[in-house]
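Residue numbers (our numbering), protein chains in the order written: chain A, 1 to 374; chain B, 375 to 839.
Source of the hints: derived by calculation from the structure; they are not laboratory data. Using N, Cα and C, we set each Cβ at its ideal position, and we do this for glycine too. Hints are not guaranteed to be accurate.
Just a few of them, taken from the derived set where beta-carbon distance is under 8 Å, the chain A residues facing chain B [said to hold, decoys possible]:
#, residue
1, F11
2, V19
3, A31
4, R33
5, M36
6, L39
7, R199
Pairs of lysine to any residue, SDA-like flavour, derived with a Cα cap of 20 Å [unchecked claim]:
#, chain 1, residue 1, chain 2, residue 2
8, A, K3, B, F589
9, A, K3, A, V19
10, B, K648, B, K521
11, B, K521, B, V413
12, B, K521, B, F472
13, A, K67, B, F589
14, B, K401, B, L383
15, A, K67, A, T130
16, A, K3, B, K556
17, A, K197, B, R809
18, A, K67, B, Y417
19, A, K3, B, Y391
20, B, K401, B, R593
21, A, K106, A, S41
22, A, K197, A, K3
23, B, K521, B, R450
24, B, K401, B, E552
25, A, K106, B, R593
26, A, K65, B, G830
27, A, K65, A, C86
28, A, K65, B, K521
29, A, K3, B, S808
30, A, K65, B, E552
31, A, K213, A, V231
32, A, K67, B, D553
33, A, K197, B, V381
34, A, K169, A, L238
35, A, K197, B, P807
36, A, K169, A, R241
Here are some chain B residues pointing at chain A (derived, C-beta under 8 Å) [what the hints assert, rightly or not]:
#, residue
37, A763
38, L777
39, A821
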Amino acid sequence: MIKFLRRFVWFSLVAAAVVIGAEVMSRVDDAVRTGMQLLASPSPGDLTIQDSLGTRGRPFAHYQKWKLNSAGFRGQEISFSPRPDCIRVAVMGASETFGYAESPGKEFPSQLADSLSRKGCYEVMNTAVTGLPLTGQVQLWENWVSRFQPSVVVIYASPAFYLSNNPPKFASPRRSRTSTSSMSQPRFSSRFLARMKERIHYPDFIQRRRVMKTIANAIHGRPEGWFYRSVPDDRVVLFRRHLDSLVADVRASGAVPVVVTHAMRFGDRLNSEDRDLLRSWRQFTPRATESVLMRFELETAATVRDLARERGVPIADVAAVMNGQTRWFADFTHFNDEGAGVIADCIASAVELAIPHEHARVANVRSSVLLVRR
Amino acid sequence: MLFNSFVFLLAFLPITYLVFWTLRSAKSRYIWLTMTGYVFYGYWDPRFCLLMAFSTVVSYSAGLGFLRWKDPRRRRLLLIVPITGDLAILGFFKYANFLVGSSGRLLNWAGAGVTVPHWNIILPIGISFYTFHTITYIVDSYRGVVKPTRNIFEFSAYVSLFSQLVAGPIVRFRQIEEDLEKLGQADRTRWLSLGISFFLIGLLEKVVVADTLAFFVNRDLANYRLLSTNGAWLAMIGYTFQLYFDFAGYSDMAIGLGYMFGLRIPINFNSPYKALDPSDFWRRWHISLSSCLRDYVYIPLGGNRRGERNAYRNLLLTMLIGGLWHGASWTFVIWGAYHGLLLAAYRRVGSTWDQLPRLFRQVSMFMLALFGWVLFRSTDFGMAANLFAKMFSLTSGARVEGLVPYIAALFMAGAWAMAGPNAQEMHSPQWVPSRRRVIGVAIAAGASLAVLLGSGASPFLYFQF
């Protein structure tokens, strides 16, 4: 017995040495490769801040592959005033725009900047904030992004937020929010464990069970009337109203809005992988069934088209191009590098058509000068 | 398959190990090692397994021929034909484009105006290594240094032994013949702790030290034109240590794996940056290659037996071949020539050099090796010239990002390489897995695991050769 206990203690000590070595090295490795502080406990919440300006990107935030500039935007440093003779384009949206799955520098606003730079002098700002619905974006525009004086504002709104139990709504009163709150930071979080979680891919059947369990917990005890068995028209109307509000705000400031229909990986035919991903997506909106989730996407895309037509807003109909093209998506709605290139090209064409005549002339003159210089 | 990949660490190695020690007879263990060698190699591209099998069969047959025929003419034929075949295969895959391209450029320079074709040939990984394995076997059999084996499974296990297959060390048959012969009676526990310790220290050298340096070095050398003088020096010092820890790490892992399977694979690196002169350096750097070059090129050329001039010529020729072995590029050839000249110069002024202070000789030899690595790392002479120009003139350039961790990593790597013990020295013949050592190795394992989880497995630099 004593021999067994001794062995047990010894193996525990060896295991502890492995874990300590791994934890220390994870922190040193982060410090070397990304400049992260040794004692920091990073979390995705580090990327956002809620202050008097609303929910926005935290200036100089850094988490895993994502780095924000001094304005809290993803990408290069940017000043409040646009460079003379250049057209500034702001891209607003949630995680799909922020760049969730793409390699750094391949998120679609970056590729949009590359694409537009071939046509003239453009500055593209990625002002997206993960998990931010249209209501938050209206606030972000009014309090923060408009200060950067973009000429064109691309709006890529995620409709799925409107299927959650409580629909997005404006904070009340909209402009007087002054409370500052930071994300609660755990005292200690293991970076070694975080690396393990990041690397471990559960087999499909385990993953499927986990998803089904999450959904089952979320819908447990809900009455039948709680579920969306068909597309909730009031939520579509709400989506449209909020989008309309953002478009009007952008226009009121003198910038040109460009609306973009929301794309998803699912088309008419679903294979087993699609069905798994669709179920994974439902975890975030358990109230809607999978088929409602898909139809809601299609109906809100149609709403965006209607709004664009009625208000005379330029549109990039990305949904028409990308829906059902699984090779362009990393999951249900987030793009991979290739897909981000496709949406960037679609939006670049729409931006070119949208820019006011005098801006276009400036951009083209600038581009000709560059060509002559080369 | 990489030693530092999860598929190797979590699937291939445990399965290979468990099945190997479950088998009892030498023959079944040879067969198992052969099978696993082919799986290991074929994981990259199964088509090239045929090439290795062909090379194995040809060399094995040559060995049987040596056993059968004593007639010198026939034996010479048995020496020349298979070696020519091996070298022809190596030449086609590794040097065809280089030879055709160089000839075309020469003809065009002379005004011939020819169009040079470029074939899309994939270089099979490890071909330089296993070709050397088979050639040394044939030559040693011819010389009578080894008795060729009649057991094809034993021979194929030797050629396809996964621990040394793709990036060495170049283990000669005679070096592991005794262990191979006794594989059936090998004791699993005898060298197990030694093997695990060697393997984990090698993993630490590769994953923690070399890959951390690679993060800075690759980033800077990808934009070498933008480097300042400081940046160029930092990048090249970083590469000097990266290359060492990358290859020495791989070799130590191979030695560790050998021990785990009851095979003693000879040491390949003996702290080369502690070398005091060029000759000492080549006794410490890639020992298995330099000893092969000595025994199969330098000495057959005449060595130092026919006067000083011939000795210089032989040194230069041997190192030129050594340079070309590393890759089909003129930068490798010139790198080889550079080391040939260093060896010749040391032969000339060695007695004076040896009188100089020890520290001066060590630092000077380190710098001479570093200048060689500029050629070795450069993709063309333009890059090498650019780097040398930046290193030896005050040039402004892009700011080096992350300077503090960069210098800290260089300092730690430098201290270990130039003053610390190497894996061999850590495992003296009296090595026992004391508690302190086990804890130390456990920490090394944890650290390597953390980096592997963060950045994934990166290929070894010597895979390209």
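Quick rundown of the hints versus the structure:
1. Checking F11/A against chain B: minimum C-beta separation of about 10 Å lies over 8 Å; hint violated.
2. Here the hint on V19/A is kept, as its CB sits about 6 Å from the closest CB of chain B, short of 8 Å.
3. Evaluation of the A31/A hint against chain B yields a held restraint, the C-beta minimum of about 6 Å falling below 8 Å.
4. Evaluation of the R33/A hint against chain B yields a held restraint, the C-beta minimum of about 6 Å falling below 8 Å.
5. The beta carbon of M36/A comes no nearer than 11 Å to any beta carbon in chain B, farther than 8 Å, and the hint placing it at the interface is violated.
6. About 16 Å separates the beta-carbon of L39/A from the nearest beta-carbon of chain B, more than 8 Å, and the hint is not met.
7. Annotation: interface hint on R199/A holds; nearest CB of chain B at approximately 5 Å, less than 8 Å.
8. In summary, the hint linking K3/A to F589/B is not supported, as the alpha carbons are separated by about 46 Å, beyond the 20 Å threshold.
9. Straight-line distance between C-alpha atoms of K3/A and V19/A comes to about 24 Å, which puts the hinted pair past the 20 Å bound.
10. Annotation: proposed proximity of K648/B to K521/B is violated, straight-line Cα distance about 37 Å (limit 20 Å).
11. Using a Cα cut-off of 20 Å, the hinted pair K521/B and V413/B is violated, with the two alpha carbons roughly 29 Å apart.
12. Straight-line distance between C-alpha atoms of K521/B and F472/B comes to about 37 Å, which puts the hinted pair past the 20 Å bound.
13. For the proposed pair K67/A and F589/B, the alpha carbon gap of about 18 Å is at most 20 Å, so the pair holds.
14. Between K401/B and L383/B, the direct Cα distance comes to roughly 26 Å. Violation of the 20 Å bound is thereby established for this hinted pair.
15. Straight-line distance between C-alpha atoms of K67/A and T130/A comes to about 13 Å, which keeps the hinted pair within the 20 Å bound.
16. A threshold of 20 Å between alpha carbons decides the hint, and for K3/A with K556/B the separation of about 35 Å lies outside it, so the pair is violated.
17. Distance hint between K197/A and R809/B is unfulfilled; the C-alpha atoms sit about 31 Å from each other, more than 20 Å.
18. The hinted pair formed by K67/A and Y417/B fails the criterion: a straight-line CA distance of about 37 Å is larger than 20 Å.
19. For the proposed pair K3/A and Y391/B, the alpha carbon gap of about 28 Å is over 20 Å, so the pair is violated.
20. Taking the CA atoms of K401/B and R593/B, the gap is near 49 Å; set against the 20 Å cutoff, the hint is violated.
21. With a C-alpha separation of about 27 Å, the suggested pair K106/A and S41/A falls outside the 20 Å cut-off, and the hint is violated.
22. The hinted pair formed by K197/A and K3/A fails the criterion: a straight-line CA distance of about 35 Å is larger than 20 Å.
23. With a C-alpha separation of about 16 Å, the suggested pair K521/B and R450/B falls inside the 20 Å cut-off, and the hint holds.
24. In summary, the hint linking K401/B to E552/B is supported, as the alpha carbons are separated by about 15 Å, within the 20 Å threshold.
25. Proximity of K106/A to R593/B is assessed by CA-CA distance (about 18 Å); at most 20 Å being required, the pair is judged to hold.
26. Among the hinted pairs, K65/A with G830/B is consistent with the structure: their alpha-carbon atoms are about 15 Å apart, no more than 20 Å.
27. For a cut-off of 20 Å, the pair hint linking K65/A to C86/A is broken: about 29 Å separates their Cα positions.
28. For the hint linking K65/A to K521/B, the alpha-carbon distance of about 58 Å lies beyond 20 Å, and the restraint is violated.
29. For the hint linking K3/A to S808/B, the alpha-carbon distance of about 18 Å falls within 20 Å, and the restraint holds.
30. With a CA separation close to 52 Å, the supplied pair K65/A and E552/B exceeds the 20 Å bound.
31. The hinted pair formed by K213/A and V231/A fails the criterion: a straight-line CA distance of about 24 Å is larger than 20 Å.
32. Distance restraint check for K67/A and D553/B: the Cα-Cα separation of roughly 55 Å exceeds the 20 Å cut-off, and the hinted pair is therefore not satisfied.
33. Restraint check for K197/A and V381/B: the C-alpha separation of about 17 Å stays at or below 20 Å, so the hint holds.
34. A hinted pair counts as satisfied when its Cα atoms are at most 20 Å apart, and K169/A with L238/A qualifies at roughly 9 Å.
35. Among the hinted pairs, K197/A with P807/B is inconsistent with the structure: their alpha-carbon atoms are about 32 Å apart, more than 20 Å.
36. The hinted pair formed by K169/A and R241/A meets the criterion: a straight-line CA distance of about 11 Å does not exceed 20 Å.
37. For the restraint placing A763/B at the interface with chain A, the shortest Cβ-Cβ distance is roughly 26 Å, beyond the 8 Å limit, so the hint is violated.
38. Here the hint on L777/B is broken, as its CB sits about 11 Å from the closest CB of chain A, past 8 Å.
39. Restraint check, A821/B versus chain A: the minimum CB separation of about 4 Å is within 8 Å; hint holds.
This entry does not satisfy hints 1, 5, 6, 8, 9, 10, 11, 12, 14, 16, 17, 18, 19, 20, 21, 22, 27, 28, 30, 31, 32, 35, 37, 38, going by the numbered hints stated previously.
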